[in-house]
Structure formats: structure tokens, C-alpha cells
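Asker: Given next are the chains, with one letter for each unit.
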Amino acid sequence: MQARQRDSLLVASLKDSLGAAVITFALAVVMVGLRVDVASGRGAELFLENRWLAVAVAVVVVFAGRFAMNIFFWKRDDPPSLNFSGLLPEGGIGERSSKAIKYGLLVLAVVLPFALMFWLGARGSRQYIDLAILVLTYVMLGWGLNIVVGLAGLLDLGYVAFYAVGAYSYALLAHYFGLSFWLCLPLAGILAAFWGIILGFPVLRLRGDYLAIVTLAFGEIIRVVLLNWYEFTGGPNGLSGIPRPSFFGLEFTRGEGGFANFFGLDYSSIHRIIFLYYLIFALALFTNFVTMRLRRMPIGRAWEALREDEIACRALGINTTTTKLTAFALGAMFAGFAGSFFATRQGFISPESFTFLESAIILAIVVLGGLGSQIGVVIAAIVMIGGFELFREFDQYRMLVFGMIMVVIMVWKPRGLISSRTPSVALSKNVKGISADLVQEGRG
Amino acid sequence: MDYFLQQLINGVTLGSIYGLIAIGYTMVYGIIGMINFAHGDIFMVGSFIALILIVALGITAATPVLLLILALALVLVVAMALTAVWGWTVERIAYRPLRGSFRLAPLITAIGASIALQNFVQVSQGAKNKPLQPLFSGGFQLTDGGADGSGIVVNLSYIQILIVVTTVILMGSFTYLINNTNLGRSQRACEQDRKMASLLGVNVDRTISLTFVMGASLASVAGLMFLLYYGVIDFYIGFLAGVKAFTAAVLGGIGSLPGAMLGGLLIGLIETFWSGYFSVEYKDVAAFSILAIVLIFMPEGLLGQPEVEKV
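Chains as they are written, first to last, in our numbering: chain U, 1 to 444; chain D, 1 to 311.
Simulated from the structure, these hints should not be mistaken for laboratory data.
Some hints could be false.
Covered stretches of chain D (chain U as the covering partner; in silico rule of three or more C-beta atoms under 8 Å from a C-beta of chain U) [claimed, not checked]:
1) 53-64
2) 84-92
3) 109-121
4) 239-253
5) 290-304
Just so you know, even glycine gets a beta-carbon here, dropped at the ideal spot from N, CA and C.
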């Protein structure tokens, strides 16, 4: 402290920026400055390319950026207040605007396929409806995971395992027994929930971060088994030819007895896409409806209490194991539904679709949207999955940016973008959202 | 029997590598109680730095032995230093701002940092496998496979000796560091009670940073060993190695330095024997199942102390 006061603003800033520049140089000198590559044609010889210019640019940018920040903000006695948090409503969105956003999004989601058809025609709108289906799938997965992570406060890093269970349940049941989608949809959910209970029963006694690692391990186990059990799951080749869903018995096929024929429409492949859109939309709404209802019931209140303080819960006589187990199983069930939808939409599944990264993306949607916030999940899913598709050409860079954004948002707003914690049920009408800053969570 | 001996040698070698990574997990967990999810990727960065330095120095199997060892020692030191900077930076950017935040927050930034590191390396070094020609060949032949050639030739290669010896030396010096120096003392103080330690004049932030630096430099040693032993690396090696090393740390008792080493050895042995006697495909399943079983039935691990819940 003494030293800093003696240094003038300029000197202190310079020193700090020089330090940052040196560290950037140390980080970049080998990993950016040199690129090791395998020479083609000369056996497996390795050779180096250098990119010293990139290192120099990185160092200069960090130095200049840090220097400017120091001069203008950090090292000043009276830093100009630039409260970015002010851009987001304080303590979460107000009740009325939240409602407006909710119904706005709902109406938008209902009319979206037809609006797109109207503007772009059947051919042009197809990719956008596909994207919307993808976003809705993630919204549903996010809402399912929100029960586990957002409400019950259990960190599940292997959520994609239940998604895989759902997808493979449907694919295998259809493959071996010829069952239809509508029969398999509930079955997939039940099977996934069953797996959730089997896994949850022993591991839910664990502390937060241990639980995270065990669920991660479980997710990997499922993937490795799917990958290696050739006879049953087709191994890395996956399963193809998964039957498409029908609309009350009407197949989306050309000709006699098809959907278009029955309703007297001209056949178009877009019908099935729109049907899938409304299917996942209905599934997602169902997830939301169940969650919102459960939150008001004793079990939902117990989840939220568990999230805030497990020891207090136990002292109050809540059976923490069964409470956690229900959250875990319900979350798994919705992942199972989403999984069977995924299988029927793709018509092909392989273990590649169920990597840890998928779990991380779903978790990121829940966390960045704001733990426990339903609307936050929607916004995060739209931004994230939409952004992903937007930058499809920059395949490697977008994952790099994704990782960085995860860090930055978490550091900036650890409670997610919409970080209100309105209790679902309160004794008095006057209870407003608990500000994120006031909540000191006991345990993960 | 010969087959068993060979598997034992391989298992101990692999276990040493896991142990070196596990120390990073265990020290960080001990001091701030978080799983440093990005540690596996720090290991991966360390092994890339080592590979680049080896290629830059032009070290090949043709280099004279004495020079080779000197050059490798140089690579080791430089890689440790540079990887330590990576570890420090990750801590500074992703974890320090979240100190005192709720428990899941640093875990989530750790996942973000892990994804970012992986893809950074993929972007800057390319997605292809990087094979390195073996630098050391040969070793001791412990059995000759019997007179009729029906047995199995058991090899103890120089590289395996090098790995185990380096690991033992580093383990010894780090145990000394923790037990007998000021830095170690402040680390143990922070581990017990961070607030009290800071009241007594321990610079907590600096101590935590140094813990990350130590963990990262050990991970880079493991990275070099991994590179020399397997001869091929890519940007994705950190994930599996990280999870297994974490398993090792948990198995040995998280927070305990000898425990991490013991856990590493056990995981290495289990994995090698599993692939030797059962199936190679499911060796990861074996490691992960052990993690789950240990956590469920013995959460304090072999050498750890049971954690007391406080309100």
C-alpha cells in the first residue's frame, strides 16, 4: 500500500502493465510463437513454424489495454463509475416485465414456423425452423437440468448420460421390437428416470463437488459402454433408420394415407419439420409446466430449501436423500424425453452426440441463464445455440470463445444473468426476490 | 508370472504419471476446497510446451547420451517454469475473483477454463496427433522368455526407470517443501483456516497462487513423462488423464500428498492390470467405477482425514 501511494499514477500503471506484458509473453512465447506440426511426406518428422508476430501483437495488445485500463479506471482514486450491471435490471427482472417477456416469447414461439414460412417460403425457412427445433431441445434440456442444478442445487456434470439413455432407449426399442415413437416416448422417460434413481441412490449422499465428479464419471461410463458394445448398440457406427413420429397415426409420407393426403394438402417435407417443431415445443412447455407446479408443492419447496442450506433442511426433518432423488429422477426423465425426441428427429444416433461437452453446454445454459430461473434458460439457450450456429464456420474458435465466455460471465455475475431468487412460495405477500448478494450458500 | 511382472512395471510407470498430476488436484483441493477442473488441461499444455522445446532444441535419439540428458533437464526446467505461468494465470483470471462466492461458481469457471485451454491448443497447435520419435531405446531385459521361447520377455526400459526416479525425487523434494519451509507452513495454515491464517500475517492470495504454480509445474513434469513414454500427444489428453488423476487423489485421500502418490500408483496398476487381463476397451470404465465406489464407501480416501461438517 505504501509503495503504491508513492508511485504516481503513471508509474504505477506502467509497472502493472509491464508485469502483465511479461506474463503474456511467457504464456505466448512457446504456445503461440511456435507451432509444432507433422511434416507430410517425410515420415512422422516434426517441424516447427514460428509466429513471432502473433506473440508481439498479443504482448502489445495486453500492455496497451492494461495500461489504458489502469490509467483511466483501476489505479485512479476516483474511478469513473461504469456500472455494467446497471444494464441488467437490479435483483432480476421485475414481475411485470418478466411476464411480458414470457408471453411475448410464448406467442413468438407459437407463430414462428408460420411466420418464417410466410416470409421465406417452405424452402428458405427450413434451416431456421431446424435451428428453432435445436434451440427448443436445449431449452427443454436446460429446464430439465434446472430442476437438478437450479432448484435442488445438485451439480450434475453427466446430464447428457440420461439424454443418451432416452435416445438409445427409443432407438433400441424401435430397432428390436418395432415400437412406435409415441409408445417409446414415455418409456424412454421412465427408463431414464430409473437410471437416475439407480445412480442417484448411492451418490446423492456425496457433497456437491464430489457429486459433480461422480456424475461426470457416470456420463463417461455410459458413453464408453455405448461405444464398445458393438453387438447391441452398433458401437461408433451408431444406430440408423430410427422411425419418424406419426401424427395420430398419419405418417408424413407422400401419397395415399399420408398426412398431406389426409388433410388435402400438397405434400411437402416441411410438414414434418413443423410437426417436430410443435412436438418439441409441447414437450418443453410440459417440462416447464411440471416444474412450475412442483415448485409450489412441498417437494419443490424442499428442493429450494435444500439448495440454500442442507444442514438446516436436515434439522427441519426433511429427508434429504429422497428429496434429492426425486429431483435427480425428474431431471433425468425430462432428459429421457428430450433424448427420444432427438433420436426421432435425427433418425440416426451415435455415442458422438453424447460427449461431456454436451453436458457442459447444457450446464452453461442453466448457469449463465441464472440458476433456477426458467426464463433465463430460454434466453441463454437462444443466445448460446443461436450464436453457435451463427459462427459455424469458425468451428474451433467458437469453442474457445465459448469457454472464455463461461469464465467471464461467471466472474462478472456468478449468479447468472437473471439472478433473482424469488421463493416460489412465501408466507407474506411482501417478500420480494432475495438479492443474489445476500444469499450465502452453505453448500454446493 | 512374467506377464504379471511386466504389467506391474508398466502399472508403476503409469501410476507415477498419474500421481504427479494428482498432487496438483490434492494440493488445490486441500487449500481452497475446489476441484481444479482445468488441471488436466494444464498437464496437456505442459506436455505441448515440452514437445515444442524438444523439437526446437533438435533433440533426437541420435544425440549423445550425456548431452541428451542435459538437454532434457533443460527442457524440464523451462517447461516447468512456463507451465507454472499458465497455472498462475488460470487461477488469477478464473478462480481468484470468485473466492468467497458460492461453491459451484469456481467449478463452473474451471470447466470453462478447461474448454478454453483445450480449444486454444487446438487452434494454436492444430488438431492432429503429434508423434515424437522415441528418444531412449533399450532397457534391461529381466527375463529372456525361457529357453524354448514360450515365456514372455519382461522389459524394464530406461524411460520407465527415468520416469519413476524423477517422480520419486520430485515427490521427496515437494514433501520436504511442504513440511519444512515457510511456504509449506503457510500452505498448511491456509488449509486449516484461511481467515485465521490471514490474521496471523500469511499472505493468503499469494500462498494460493503458489499452490497453483507448484501444481502446474508438477503437471508439466507429468506432461513431459507422458510424452516420452507414449510418444504421442494431442490436445485432448488432458481430460481423461485429469479425471483419472483426480480419481487417484480421491482414492488416496484428498488433501494428502502421500495419498495422491499412493492413489496414483493404485490407479495406474488397476488400469494396467485391467487392460492386461480383462479388456482394453473398458479400462476407463474400470477407473471411473473405482472413483464412484471409493467416493460412496470411503469418501475420505485411504490416507485422508474425514471432513467434519460445520454449520
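Asker: Hint by hint, note whether the structure agrees.
Answerer: Right, here's what the structure says about each hint:
1. Coverage of the region 53-64 of chain D by chain U holds [criterion: at least 3 residues with CB-CB distance below 8 Å; count 3].
2. Restraint check on the region 84-92 of chain D versus chain U: 4 residues with Cβ-Cβ distances below 8 Å, three needed, restraint holds.
3. Check on the region 109-121 of chain D: 12 of its residues sit with their Cβ under 8 Å from a Cβ of chain U, so the three-residue criterion for coverage holds.
4. Here the region 239-253 of chain D counts 5 residues with a CB under 8 Å from a CB of chain U, which clears the bar of 3, and the coverage holds.
5. Coverage of the region 290-304 of chain D by chain U holds. Counting CB-CB distances below 8 Å, 5 residues qualify, and the rule asks for three or more.
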